[in-house]
Amino acid sequence: MARALELAREAATKGEVPVGAVIVHDDEVLGEGHNLTVTEADPTAHAEVVTIRRAAAALGDWRLIDSTLYVTLEPCAMCAGAIVLARVPRVVFGAPDPKAGMGGTLGNLLQDSRLNHRCDVSSGVMANESSELLRAFFRERR
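The numbering of the sequence shown is the numbering used here, which starts it at 316 and goes up by one.
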């Protein structure tokens, strides 16, 4: 989770909303990234999606079984959908997102029993650091 927080800080220096993510598989980092929506002019370039794409390419498989996704902010609906589709079995996130969080705050796509895959979810890991980074970023923007 510490690496995801470093990546979030890097995103902030580039004018991106500071969210970072890392996917670990068998104790090896398969992929990492941060938000690139501004840099790439791509609304789908959230940290989780960027990281899933990189991890799948590194693994040579779209199924990211036996992996854990660490992310500084609770995934939104788009990212939660990508996580489920990639078969990521475990998600660890920092700050909750009361406006868009789909890992248990606003909704819970990650554990919806109607879907063909569900994730184990751990929340609140390094939440204070992740939340403060986001607050500081948006405070500077105002």
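Derived by calculation from the structure, the hints in this document are not laboratory data. Glycine included, C-beta positions come from ideal geometry on N, C-alpha and C. Hints should not be assumed to be uniformly reliable.
To be verified - Restraint ranges, calculated between C-beta atoms of paired labels, are given here:
hint : residue 1 : residue 2 : range
1    : G439      : I380      : 20 to 28 Å
2    : K414      : D357      : 17 to 25 Å
3    : V344      : R457      : 31 to 39 Å
4    : T359      : P404      : 27 to 35 Å
Tested hints:
1. Between G439 and I380 the beta carbons are some 25 Å apart, a value that agrees with the proposed interval 20 to 28 Å.
2. A C-beta distance of roughly 21 Å is found between K414 and D357, which places it inside the suggested range of 17 to 25 Å.
3. Distance hint for V344 and R457: a CB-CB separation of about 35 Å, consistent with the stated range 31 to 39 Å.
4. Checked against the hint of 27 to 35 Å, the pair T359 and P404 fails, with Cβ atoms roughly 23 Å apart.
Hint compliance for this structure: hint 4 is the single one not met.
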